[in-house]
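Student: Take a look at the letters that make up each chain.
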Amino acid sequence: MSYKPKIVAFLCNWCSYTGADLAGTSRMKYAPNIRIIRVMCSGRVEPTFVLKSFREGADGVMILGCHPGDCHYHEGNYKCLRRYHLLKKFLLQMGLEEERLRLEWISASEGKQFAELVDEFTSQITALGPCKVKETVETIL
Amino acid sequence: MIMNDIRIGVYVCWCGTNIAKMVDVEKISEELATLPNVVIAKNYKYMCSDPGQDLIIQDIKEHKLNRVVVAACSPRIHELTFRKALEHAGLNPYMFEMANIREQVSWVHTDRTEATKKAKSLVAAAINRVNYHEALDKRKVEIDPSTLVIGGGISGMTAALELAGAGKDVFLIEKSKELGGYAARLDLTFPYFYSASQMIRPVINKVLHHEHIKVFTEAEIEEIFGYIGSYQAKIRQNGSSIELKFGNIIVATGLKPFNPSVINEYGYGRLPDVITSLEFEEMLKSGRILTKEGKIPGSVAIIHCVGSRNKNYHDYCSRTCCNTALKYANQIKSALPETHVYQLYADMRAFGKGCEELYAKTSRKNVIFMMFDQRGKLPEVRKAGENDGCNLLINFHELLSSSDVEVPVDLVVLMTAMEAHENARDIARAAGISMCGNEFYIEKHPKLDPVATTTDGVYIVGTCQSPKDIPDSVSQAKAAAARILATISKGEVEVEVTTAAVNEDICCGCQTCVKVCPYSAISYIEERNVSHVNEILCKGCGTCGSACPSGAIRCRHFTDRQILSQIEGLMEMILLEEEN
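Residue numbers (my numbering), protein chains in the order written: chain A, 1032 to 1172; chain B, 231 to 810.
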């Protein structure tokens, strides 16, 4: 069977989740690999959520928040951005390709940009191939 | 971990054919019925309909369900509907989770097998999550009966008068020197040719002298904080800062006319006899329709859709320009019967009460209607030569006759588009409103709630939401006022309790949460060496929860356990589907 990447995405309620809904109401089409989990703010996304996703078998993880300056909670997206850079370093140290994690800003009106981003990220993860974290962890245990 | 006393009901919605045509809803509900703790799994045509909700209510009673999952549209649309259904059945509304299989599945995918798999995994994730949901009590807050209205145009003034008429205090903030907004700058209104100033003046006077309205002109919002029932704002007026307290907010920041000088073809700013519709209104008000040289124009061209319905400027229709252009034709013909009037339109859109009639009436008045291609080459306005006998020449391809034409005119009126006010973004940030890509505000629901926003206690009225005419603005303003009066008359309002809470047994007093909280809602209690969340100030963003190094902060309804189990349920189902 051909490889179909599994992608988990954490979307903030106010901008990016609304943007993803807009892609739907505008009937835009994009790759079906992405599974969205809603959080109130990208600032809520703990590194644990990302690591857990890889641990459970995700090949790629996206975090989407409001554009800088547009956060519904003033600056949650900045907090997320700081953690993201540390988390990327951590992923590298753990032997993962850092491209498997992406943080992007999608506003409530950017349904089109959302659809394009999903397609682009899906092909990036497809090119990277399957993530071995789950398999490796389970061999050790 | 599987708890014993959990009984989950799962409901998969067809949404007519919206979901069912791309997702095998019957298969999903059948297969998910076997998941742990799922007592019953059904599919139904319209879950949000009354019979759909009754289905849930009946099952809760009959099967003693204590958790409910609905897979349907976006939770942004119907989460509250279903939470209310749970409440009707005597269940805590937070024992509910929604899976979005319409906006994020059936409407965006084209492969039915893949879409069904995706939908199934999303519902499985929701089922796994709902296992860990906990009952939350709603918090009631008292409503401060005064209201802040931002913007002193016809929309803001109307809303203010409605509220003040009911004896409630209103603070009306206007950025410019005078009240009235753009409606006050018009001459006559369409389709009945009432004088705008005769309508607006009495409204302004009433607002200025109303005992319950305090007007702040030349004032700007600096900051808004608080929540429904208990907002506070800092405003700046004449260099001094004023603090106000109120319970609700009406945003009526209005419009900005499109600047046509960016459309090179029309020559605005370069050719003195090319003017905007607002400049033409001034001319009509003064009672003298004249060219720059002070001559009576022998012919006037009115160009429609300037900045509207054009992919280079704005995609949207500004809704009022066609009818205003018809009004101009009538006004010109009645003031200067000998003057030729040309309407250069892309599509005539004379909708609304009395407006199609105005179109029919105008077309019998010897007004020439000519159609240009908005998607192709725009009409080109240029200075006429000395022997042409006119000021300007317009060249374009006329679609109805399918021929290239040259129209000689003395005056060109550009029907400029409506844009959102330049301060719209600042106000959006202060009041917590989302914006569309074109800077207009996003309403809570495009059809069922076009007055409220996703922030409780914040309402949008008039052209800050979308281009509209005076009656539409007034209707929306009155609707917002009615909504606010309804909450005021209740005296208190229920608010979300999805705030953060500190487990003092685990908290080590590091104060990381205190530093990251954007609302200063967390304080450090020295004697116990722990942090404490002020639930009134907390808005539930969860940033403290993800920053807490010891895991002492619970973000209610978005707890670590809930989100992690959602991830587990999701991935398990994807892998299971892959094996099959």
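Source of the hints: derived by calculation from the structure; they are not laboratory data. None of these values were measured; they are calculated from a predicted model. Check each hint, because a few of them may be wrong.
Among chain B residues calculated to face chain A with C-beta under 8 Å, some are [as the list claims (entries may be wrong)]:
no.	residue
1	Ser304
2	Arg306
3	Leu310
4	Ala660
5	Cys666
6	Ile766
7	Leu767
8	Lys769
9	Ser776
10	Pro779
11	Arg791
12	Leu794
13	Gln796
Ideal Cβ placement from N, Cα and C applies to all residues, glycine included.
Student: Taking each numbered hint in turn, which are not upheld by the structure, reported in ascending numerical order?
Tutor: Those not satisfied are hints 3, 4, 6, 7, 10, 11.
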